[in-house]
Amino acid sequence: MAKIDLLARHIPALSVGNSVLGVGAACILIYQGLPARHVLAWLATLFVLTAARLLAYRHYRQLPVPAIDAKRWAWALCGFSFIAGVVWGMLGVLFFVPQDPLTLALVVILVAAILSAALNSLGPYWPAHLAFALPCALPFAIECVTSGVPSLAVLGILAFFYLVFAETYARSIARSIERSLRLRFENLDLLREVTLSKQRADAANLAKTRLLAVVSHDLRQPLHGLGLAAGTVEAALREGLTGDPREVSDIAEIVRRMRQECEGMEQLVNQLLGTARLEEGRIQANPQRCDVSELLRTITAGAGQQARNKGLELRLFARGAHWVWTDPVLLHSIVSNLVSNAVKYTSSGGVLVACRRGRGSLRIEVWDTGIGIPADELELIMGDYYRARNANEEDGASRGFGLGLSIVSRLVAVLGLKFEVASRLGRGSRFVVELPGAGAAGPVTKRE
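Residue 183 in the UniProt record's numbering is what sits at position 183 of the sequence shown, and the numbering runs on without skipping anything.
Don't read these hints as lab results, they were simulated from the structure. Computed from a predicted model, the values in this text were never measured in an experiment. It is possible that part of the hints are untrue.
Calculated pairs, DMTMM-like style, for lysine to aspartate or glutamate (alpha carbon to alpha carbon, straight line, at most 25 Å) [to be verified]:
#  : residue 1 : residue 2
1  : Lys344    : Glu434
2  : Lys71     : Glu186
3  : Lys344    : Glu365
4  : Lys418    : Asp291
5  : Lys71     : Glu178
6  : Lys344    : Glu379
7  : Lys71     : Asp189
8  : Lys344    : Glu377
9  : Lys418    : Glu379
10 : Lys418    : Glu377
11 : Lys198    : Glu186
12 : Lys344    : Glu253
13 : Lys418    : Glu365
14 : Lys310    : Asp250
15 : Lys418    : Glu434
16 : Lys310    : Glu253
17 : Lys198    : Glu379
18 : Lys71     : Glu167
19 : Lys418    : Asp376
Quick list of simulated restraints, FRET-style, between CB atoms [as the list claims (entries may be wrong)]:
#  : residue 1 : residue 2 : range
20 : Thr146    : Pro35     : 20 to 26 Å
21 : Arg259    : Glu434    : 33 to 39 Å
22 : Leu425    : Arg257    : 29 to 35 Å
23 : Asp202    : Phe317    : 40 to 46 Å
24 : His59     : Pro35     : 34 to 40 Å
25 : Ala422    : Leu54     : 54 to 60 Å
26 : Ser197    : Arg72     : 34 to 40 Å
Glycine residues also receive a C-beta, built at the ideal position from the N, C-alpha and C atoms.
Working from the sequences, and respecting the hints, build out all of it.
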């Protein structure tokens, strides 16, 4: 396409050059006494061709780039070149006058000049130059060889050699231009890669900055709470315990909160370590045949107390055994993250975990009646350290660390599974993990 564009860009200069050279040649030929009618007819033909070329060029420049058919325009431009070659080649036939050395020399000069000039204008696309050169030079060479005059026969042979030399040189020019264009596009590709790399590096730096902000905020709060709780316990121990049940209950409550804060910090550290391992590619899948129903029962049993504490109904729909070929540990981490998020961001209603068999696949679905996710954030929530704008803490629910769904999306990629998210703001969300059935197990992606 780039070569065709270069060829088309030369049309205006080529048309001006042909017109000026044609007018000059016509004037000299008429001055030499050749029939003016023939000369003017030849010049008119040249002008018609020039006008057609310019109209084609105008149409080409008006087309949007996606609408340009490169193959079609290549044929069209080669066709114009062939017709131009025929017009200039007519000089060697119509005005071949062996008995007039001056006119003959003029024809030789014109043919050689126009053939040489075409090296520059038609050089970007060698087929176009070949289409021009053959009808331009061959008629004169054939006339010379078949004239019966030894000196003209030698001139015709020299014309053949000149044609071969010109085409060899034109081919070399075309290859040089092709290499230059290839190098240019490689440089553009390299520039795009550098730009994308810079954007990725900037995004990584932004993520690191966000990480520092999240970690400092999410660790500062529990550490501050632990400090206050430890101070309260220390003061109570310093003053001495009286054995009052109320006092014992208060101390027990403080210890329970301290344990919760420690569990929260441990969860954050574990998620950060898990994210780091995923980024480094250190987590490998260990696929095996496992029962998804049993895995879901284990997960819902573990999350049941959390749901009951919030007054939520956590239900499981999984009839019978559902065998698949996957890594049960990584799948457990995926589903448990989804269930934990569903319970965390649901203040009323409930959470449904379902297992449904499809055509050659198994779908694990987690439904909730929680706060939902804004439509413009469905893609963003899969990023590291991102938390939805509408996640709030007024209902007593922790907003989390913005890593759960990021870990889910990466583990899904490790296992080569399909993952879908659908949500309605204020109504709830649905997360779907689709696995190949045990009888139709697909390849499991491994990360080294």
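Going down the list of hints, with the structure as the test:
1. Taking the CA atoms of Lys344 and Glu434, the gap is about 23 Å. The hint holds against a cut of 25 Å.
2. Of the supplied pair hints, the one linking Lys71 and Glu186 holds, its CA atoms being roughly 23 Å apart against a limit of 25 Å.
3. Between Lys344 and Glu365, the direct Cα distance comes to roughly 17 Å. Compliance with the 25 Å bound is thereby established for this hinted pair.
4. Using a Cα cut-off of 25 Å, the hinted pair Lys418 and Asp291 holds, with the two alpha carbons roughly 18 Å apart.
5. Straight-line distance between C-alpha atoms of Lys71 and Glu178 comes to about 17 Å, which keeps the hinted pair within the 25 Å bound.
6. Straight-line distance between C-alpha atoms of Lys344 and Glu379 comes to about 20 Å, which keeps the hinted pair within the 25 Å bound.
7. For a cut-off of 25 Å, the pair hint linking Lys71 to Asp189 stands: about 24 Å separates their Cα positions.
8. The hinted pair formed by Lys344 and Glu377 meets the criterion: a straight-line CA distance of about 18 Å does not exceed 25 Å.
9. Simply put, Lys418 and Glu379 have alpha-carbon atoms about 15 Å apart, close enough for the 25 Å limit, and the pair holds.
10. Simply put, Lys418 and Glu377 have alpha-carbon atoms about 19 Å apart, close enough for the 25 Å limit, and the pair holds.
11. Straight-line distance between C-alpha atoms of Lys198 and Glu186 comes to about 18 Å, which keeps the hinted pair within the 25 Å bound.
12. Note on Lys344 and Glu253: the hinted pairing holds, with a Cα-Cα distance of about 22 Å set against a maximum of 25 Å.
13. Distance restraint check for Lys418 and Glu365: the Cα-Cα separation of roughly 12 Å lies within the 25 Å cut-off, and the hinted pair is therefore satisfied.
14. Between Lys310 and Asp250 the CA atoms are separated by roughly 22 Å; this keeps the pair inside 25 Å, and the hint holds.
15. Straight-line distance between C-alpha atoms of Lys418 and Glu434 comes to about 5 Å, which keeps the hinted pair within the 25 Å bound.
16. Between Lys310 and Glu253 the CA atoms are separated by roughly 18 Å; this keeps the pair inside 25 Å, and the hint holds.
17. Between Lys198 and Glu379 the CA atoms are separated by roughly 22 Å; this keeps the pair inside 25 Å, and the hint holds.
18. For the proposed pair Lys71 and Glu167, the alpha carbon gap of about 22 Å is at most 25 Å, so the pair holds.
19. Simply put, Lys418 and Asp376 have alpha-carbon atoms about 21 Å apart, close enough for the 25 Å limit, and the pair holds.
20. Between Thr146 and Pro35 the CB atoms are about 23 Å apart, so this pair conforms to the stated range of 20 to 26 Å.
21. Between Arg259 and Glu434 the beta carbon distance is about 38 Å. The supplied range of 33 to 39 Å therefore holds.
22. A hinted range of 29 to 35 Å holds for the C-beta pair Leu425 and Arg257, which are about 33 Å apart.
23. Between Asp202 and Phe317 the beta carbons are some 45 Å apart, a value that agrees with the proposed interval 40 to 46 Å.
24. For His59 paired with Pro35, a C-beta distance near 36 Å keeps the hint of 34 to 40 Å intact.
25. Checking the proposed 54 to 60 Å range against Ala422 and Leu54 shows it holds: the Cβ atoms sit about 58 Å from each other.
26. Distance hint check: the CB atoms of Ser197 and Arg72 are about 38 Å apart, consistent with the given range 34 to 40 Å.
Going down the numbered hints, you'll see the structure goes against none, and every one checks out.
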